[in-house]
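Participant: Could you build all of it, start to finish, from the sequences and the hints given here?
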Amino acid sequence: MTTTVATSVKKPLVRSEAMQTVLAFAALIVLILIFSLASSNFLTFNNVVGILLATAVNGVLALGITFVIITGGIDLSVGTVMTFAAVMTGVFITNLGLPVPIGILGGLAAGGLAGFVNGVVIAKLKIPPFIATLGMLNIAKGLSLVISGLKPIYFNDTPVFNSIAMGSVLGSFIPGFDIPNAVLILFITAIIASLILSMTVLGRYTFALGSNEEATRLSGVNVDRWKIAVYTLAGVFTGVAGILLASRINSAQPALGQGYELDAIAAAVIGGTSLSGGEGTILGTIIGAFIISVLTNGLRILSVPQEWQTVVTGGIIVAAVYLDIVRRRRK
Amino acid sequence: MHEVLVLMEGIDKSFPGVHALDQCRLELRSGEVLALLGENGAGKSTLVKALAGVHTIDAGHIFYKGKEVTISNPKAAQDLGICMIHQELNLMPHLTVAQNIFIGREPRKALKFLLDEKAINEQAQQLLDSMHLKIDPRTRVADLSVAKQQMVEIAKALSFNSEVLIMDEPTAALTDTEIAELFRIIRQLRDKGVGIIHISHRLEEIKQISDRITVMRDSRYVDTVLTSEVTIDQIISMMVGRTIYESTPEVPENADREIVLEVRNLNRGQTIRNVNFTLKRNEILGFAGLMGAGRTEVARAIFGADPIDTGEIYIMGQKTTINNPGDAVQHSIGYLSEDRKRYGLALGMDVETNVVLATFKKFQGALGWVNRALTRKTAAHYVDALKVKTPSLQQKVKNLSGGNQQKVVIGKWLTCNCDILIFDEPTRGIDIGAKSEIYKLLNDLAQQGKSIIMISSELPEILRMSHRIMVMCEGRITGELSAAEATQEKIMTYATQREAVV
Numbered sequence: 001m002t003t004t005v006a007t008s009v010k011k012p013l014v015r016s017e018a019m020q021t022v023l024a025f026a027a028l029i030v031l032i033l034i035f036s037l038a039s040s041n042f043l044t045f046n047n048v049v050g051i052l053l054a055t056a057v058n059g060v061l062a063l064g065i066t067f068v069i070i071t072g073g074i075d076l077s078v079g080t081v082m083t084f085a086a087v088m089t090g091v092f093i094t095n096l097g098l099p100v101p102i103g104i105l106g107g108l109a110a111g112g113l114a115g116f117v118n119g120v121v122i123a124k125l126k127i128p129p130f131i132a133t134l135g136m137l138n139i140a141k142g143l144s145l146v147i148s149g150l151k152p153i154y155f156n157d158t159p160v161f162n163s164i165a166m167g168s169v170l171g172s173f174i175p176g177f178d179i180p181n182a183v184l185i186l187f188i189t190a191i192i193a194s195l196i197l198s199m200t201v202l203g204r205y206t207f208a209l210g211s212n213e214e215a216t217r218l219s220g221v222n223v224d225r226w227k228i229a230v231y232t233l234a235g236v237f238t239g240v241a242g243i244l245l246a247s248r249i250n251s252a253q254p255a256l257g258q259g260y261e262l263d264a265i266a267a268a269v270i271g272g273t274s275l276s277g278g279e280g281t282i283l284g285t286i287i288g289a290f291i292i293s294v295l296t297n298g299l300r301i302l303s304v305p306q307e308w309q310t311v312v313t314g315g316i317i318v319a320a321v322y323l324d325i326v327r328r329r330r331k
Numbered sequence: 001m002h003e004v005l006v007l008m009e010g011i012d013k014s015f016p017g018v019h020a021l022d023q024c025r026l027e028l029r030s031g032e033v034l035a036l037l038g039e040n041g042a043g044k045s046t047l048v049k050a051l052a053g054v055h056t057i058d059a060g061h062i063f064y065k066g067k068e069v070t071i072s073n074p075k076a077a078q079d080l081g082i083c084m085i086h087q088e089l090n091l092m093p094h095l096t097v098a099q100n101i102f103i104g105r106e107p108r109k110a111l112k113f114l115l116d117e118k119a120i121n122e123q124a125q126q127l128l129d130s131m132h133l134k135i136d137p138r139t140r141v142a143d144l145s146v147a148k149q150q151m152v153e154i155a156k157a158l159s160f161n162s163e164v165l166i167m168d169e170p171t172a173a174l175t176d177t178e179i180a181e182l183f184r185i186i187r188q189l190r191d192k193g194v195g196i197i198h199i200s201h202r203l204e205e206i207k208q209i210s211d212r213i214t215v216m217r218d219s220r221y222v223d224t225v226l227t228s229e230v231t232i233d234q235i236i237s238m239m240v241g242r243t244i245y246e247s248t249p250e251v252p253e254n255a256d257r258e259i260v261l262e263v264r265n266l267n268r269g270q271t272i273r274n275v276n277f278t279l280k281r282n283e284i285l286g287f288a289g290l291m292g293a294g295r296t297e298v299a300r301a302i303f304g305a306d307p308i309d310t311g312e313i314y315i316m317g318q319k320t321t322i323n324n325p326g327d328a329v330q331h332s333i334g335y336l337s338e339d340r341k342r343y344g345l346a347l348g349m350d351v352e353t354n355v356v357l358a359t360f361k362k363f364q365g366a367l368g369w370v371n372r373a374l375t376r377k378t379a380a381h382y383v384d385a386l387k388v389k390t391p392s393l394q395q396k397v398k399n400l401s402g403g404n405q406q407k408v409v410i411g412k413w414l415t416c417n418c419d420i421l422i423f424d425e426p427t428r429g430i431d432i433g434a435k436s437e438i439y440k441l442l443n444d445l446a447q448q449g450k451s452i453i454m455i456s457s458e459l460p461e462i463l464r465m466s467h468r469i470m471v472m473c474e475g476r477i478t479g480e481l482s483a484a485e486a487t488q489e490k491i492m493t494y495a496t497q498r499e500a501v502v
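Going down the list, the protein sequences come from chains A and B. Residue 1 is where the first sequence starts when you use the numbering used here, and the numbers rise one by one after that. Residue 1 is where the second sequence starts when you use the numbering used here, and the numbers rise one by one after that.
In case anyone wonders, no lab produced these hints; they're calculated from the structure. Just so we're clear, the structure is a prediction, and the values are computed from it rather than from any experiment. Glycine included, every Cβ here is placed at the ideal spot set by N, Cα and C. Hints are not guaranteed to be accurate.
A few chain A residues that face chain B, going by a derived Cβ cut-off under 7 Å, partial list only [what the hints assert, rightly or not]:
1) T200
2) F207
3) A208
4) S211
5) G220
6) Q253
7) L275
8) G278
9) E279
Far from chain B, by Cβ distances over 10 Å, these chain A residues were calculated [to be verified]:
10) I51
11) L170
12) G210
13) W308
14) R327
Facilitator: Written out as structure tokens, the structure is:
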């Protein structure tokens, strides 16, 4: 980023690690501009709400995975663990008839537990994150099917559950501004995640682990314990996503979920989280999640067939990572 | 004052294939600087790492202030007041200076899980001020020079208020002024009663700073002496046990030897800046410099392992483009990495496979199957010629000692018939006996018509082996010396010739 040796004293305009976030944001704006020029249906209130809603689940999921990737790890299990958390919430609320808040706590705990197990397997048994979470992907998928008896669990007896995601607290304050709560929850969890990452001990060790795990260990930090904490936290975020999804579709669908982990990883990576660890921001991840949903939504409005939408999204992910690598190499 | 802080007795430690510590001993008193000396591979680092909780010992006793202790991890050592600055930098490059210094014990706010970033930065600033270091605690460590990173490590160690401070080659990457600064701080700590273990290869430095010297050799304890009562020559003879560095290189003086490799205006970012040099037939060209001077980077660029920005490479007078290691091997250039375990060997495979690995094509029969008889014959030939000590050709390479592993790598490149061989730290982590065998091997190869580039951080090695010496600093070549005119002092002067203080 520094231009020449002579003027190297001058600080670069944007710190290099923030550059990817800036680039991602610019890409998001460009995408929005292109789609709104291409179709008058794009920037309508209803469509924007649709995009926001579509981002909510993936966005929350991506928050947890951002922590994991910053430590230099990976979590492939978030998609099916999300379903597991949703199924458990359904079991608590519909099957057992427990109060909705208890059901929600149960869902969060289910996600957290899965994350905790991931963390223990990775930190204590020294199994690579890729394998450990691949195992958890299948375990959570199987458990969801077993527990639900292969059938969806509906929340028809508790209408308040559906309003968690689909009600609009904002709309009740500002008439006509009916943005669903799911969007509000996305932004609130994102702010919480951002505060954890930048202001807490956990956040600091998340970066330290990814930057140089051995040095962190030699500094007397209990590396195993913090690694477990990071995976557990990711599990809790996954639980939030599970409850949001279940609330939105008013049911826990045991066969849903697999594939979500890849969109979540893509959101984090497009937003500048480095797969080699040590770098990443929550803002970047949120922008990344929006890039994916804007792209999907815009292509659909332009009547691009679904199968081609996936091809484009795939290309964008590779391009984003390539850009990041090129930028790093130049340093 | 001067109570015994640390006493280590009968310490034993083995790694697979190496008996790293054999009945070792160490005594450190408060308010003294104890120099720990020995050749590379003598076991110094292993011994102090056992004290710092990095390695656990197999047998022996550690007493701290008279009480026997078990130090099972770095945290346990820190809690006792033992802190170590490691040879290889141990920082988190993505974090700031202040964040690195206080990692693991950050000042917290009233809510225990919240970081007090302001206090972290202020305390770091105070610490850096007390060391007279002009570093902003908010700078990311990745943006600092190697020397500054080293100072940050020292600041970090100091911040523990340790009673025992272990420094493993802290001065290897520092300039004279920075070393003077470090010594000022060491003396300051010593006067406060801190016991300091200082590992260094620079004997003049040891004479200057230490009170006592403990010497190790071949994984064993040799002796402990008062610094004021020994000469540098006496220290050297204790270290090597036999005279090994006395011989000067046998330079075959022949002015019209042809140039086999010429590098012109090589550039790669900040790491390689306008590098020019030539390599002649039969020559051993030494590359000296401090850690991070860019020597390995030049070697990797020539070998095609890293892309270059600009520059030309001529082989036998022909302009050549080398885009990848495959091209380099085609032009008969071989590169023996400084980290042979990571880049040079397939550790889990046997000796035979490793020797023929780079030239598998030569051993392929019809339909691509491997001619086992031929690979066995070739491997046996090199194992014999290089005197590799291995029970059989089927022995896994990871079970061989460092010196024998290095010979297997050399054998691998010899099967390629490479004419230009680049040796990056060829004797790192190799015991003394094997070292002199490697030296003899290099000399033989040069005499047989090979051309050798030898990168080494050990000045005696550079002086002993090189026919000509290039010295690098911060990506530039700062000097060229003939074997006759080269001295440690001259090399160090060039090696620390920085452009300006950053």
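Participant: Does A:L275 hold up as a contact with chain B if the rule is Cβ-Cβ below 7 Å?
Facilitator: Not OK, violated: A:L275 not within 7 Å of chain B, min 14 Å.
Participant: Just to be careful: measuring from the Cβ of A:S211 to every Cβ in chain B, is the smallest value less than 7 Å?
Facilitator: This hint holds: A:S211 lies near chain B, its Cβ roughly 4 Å from the closest one there, short of 7 Å.
Participant: Take a quick look at A:I51 and tell me if its Cβ sits farther than 10 Å from every Cβ on chain B, holds or violated.
Facilitator: Holds: least Cβ distance 33 Å, greater than 10 Å.
Participant: Is the nearest CB of chain B more than 10 Å from the CB of A:G210?
Facilitator: Its Cβ does come within 10 Å of chain B, the nearest being 7 Å, so this is violated.
Participant: Under 7 Å, Cβ to Cβ, is where A:E279 needs to be relative to chain B, so tell me if that hint holds or is violated.
Facilitator: 6 Å, holds
Participant: Using the nearest Cβ pair, does A:G220 come within less than 7 Å of chain B?
Facilitator: 4 Å, holds
Participant: A closest beta-carbon separation below 7 Å is what the hint needs, so does A:G278 meet it against chain B?
Facilitator: Given a least distance of 4 Å, the restraint on A:G278 holds.
Participant: Can the hint on A:T200 be confirmed by a CB-to-CB distance to chain B that is less than 7 Å?
Facilitator: Where the cut-off is 7 Å and the nearest Cβ of chain B is about 5 Å from A:T200, the hint holds.
Participant: Measuring from the C-beta of A:A208 to each C-beta in chain B, is the shortest one below 7 Å?
Facilitator: 5 Å, holds
Participant: Run the C-beta distances from A:L170 to all of chain B and say if the shortest one exceeds 10 Å.
Facilitator: Label holds. Min Cβ-Cβ 29 Å, cutoff 10 Å.
Participant: So, as I understand it, the hint says A:F207 touches chain B; can you test that by seeing if any CB pair is closer than 7 Å?
Facilitator: 6 Å, holds
Participant: Using the nearest Cβ pair, does A:Q253 come within less than 7 Å of chain B?
Facilitator: This hint is violated: A:Q253 lies away from chain B, its Cβ roughly 36 Å from the closest one there, beyond 7 Å.
The structure does not agree with the numbered hints 6, 7 and 12 stated previously, though it agrees with the rest.
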